[in-house]
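With the hints as extra help, turn the sequences into a complete structure.
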Amino acid sequence: MAKEKSIVILDGGRRLPRADILHNNREPGLFARFSTTQLGGMAVKATLKHTAIDPKLIGHVVMGMAAHSHRDSIYGAQGMRWRAGLPDDVPSLTVARICGSGTEAICVAAEMILAGLRHDKERPFYVVGGSESMQYPFCLYNYRGRMVGNAVQKYGPIDTKALPAGTALQDALLMCL
259 MAKEKSIVIL DGGRRLPRAD ILHNNREPGL FARFSTTQLG GMAVKATLKH TAIDPKLIGH
319 VVMGMAAHSH RDSIYGAQGM RWRAGLPDDV PSLTVARICG SGTEAICVAA EMILAGLRHD
379 KERPFYVVGG SESMQYPFCL YNYRGRMVGN AVQKYGPIDT KALPAGTALQ DALLMCL
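For the sequence shown, position 92 matches number 350 in this note's numbering, and the numbering has no gaps at all.
Simulated from the structure, these hints should not be mistaken for laboratory data.
Just so you know, even glycine gets a beta-carbon here, dropped at the ideal spot from N, CA and C.
There may be inaccurate statements among the hints.
To be verified - Below are the DSBU-like pairs computed for lysine-lysine, each with C-alpha atoms no more than 30 Å apart in a straight line:
| hint | residue 1 | residue 2 |
| --- | --- | --- |
| 1 | Lys379 | Lys303 |
| 2 | Lys379 | Lys307 |
| 3 | Lys379 | Lys314 |
| 4 | Lys314 | Lys303 |
To be verified - Restraint ranges, calculated between C-beta atoms of paired labels, are given here:
| hint | residue 1 | residue 2 | range |
| --- | --- | --- | --- |
| 5 | Arg291 | Lys379 | 33 to 43 Å |
| 6 | Glu285 | His377 | 44 to 54 Å |
| 7 | Pro382 | Asn282 | 43 to 53 Å |
| 8 | Leu268 | Arg376 | 28 to 38 Å |
Printed below as a string of structure tokens:
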């Protein structure tokens, strides 16, 4: 019996527009009220619409997240799957590889497809990508863009010494301090 070959094709990526963290450096930005999983769900829904793939044909969701910045992000891929309107029984995997999470999610999904893991002939398509919102990296809820003392809260109370060396967020914060 000949082994069936698998093919990986990347097609139909969508992204949400970039929005400033703060509007006029004082008010919360355009996406400040949305969590990472809400934004990711919007992008997944737009991708499915753009590609005209029936959501019933999606067999797996693999999404990368650089930072679990909201209470619903512990199961980020599952939240994005649910918010995009995909069936509840579609397995979802969240990949955390800091800034390379979206790329790592693509690699993980490609490996799963090529290895024949979790393949469902009834639902042959995977949704893969990454989602992040630097407008939502806070420990204190409802403080985005609000006055805290004499300063505007942009990134939340972060100890830059605790961040891994060389991360973009650490570098940006150290340049600003």
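Here is how each hint holds up against the structure:
A distance of roughly 22 Å separates the Cα atoms of lysine 379 and lysine 303; the hinted pair therefore holds under the 30 Å criterion. For the hint pairing lysine 379 with lysine 307, the CA-to-CA distance comes to about 22 Å; that is within 30 Å, so the pair holds. For the proposed pair lysine 379 and lysine 314, the alpha carbon gap of about 12 Å is at most 30 Å, so the pair holds. Between lysine 314 and lysine 303 the alpha-carbon distance is near 13 Å, which keeps this suggested pair within the 30 Å criterion.
For arginine 291 and lysine 379, the hinted distance range of 33 to 43 Å is satisfied, since their beta carbons lie about 41 Å from each other. Judged by the Cβ atoms, the range 44 to 54 Å given for glutamate 285 and histidine 377 holds: they are separated by roughly 48 Å. For the pair proline 382 and asparagine 282, the supplied restraint of 43 to 53 Å holds, since their beta-carbon distance comes to about 47 Å. For the pair leucine 268 and arginine 376, the supplied restraint of 28 to 38 Å is violated, since their beta-carbon distance comes to about 19 Å.
Comparing the model with each numbered hint stated earlier shows that hint 8 is the single one that does not hold.
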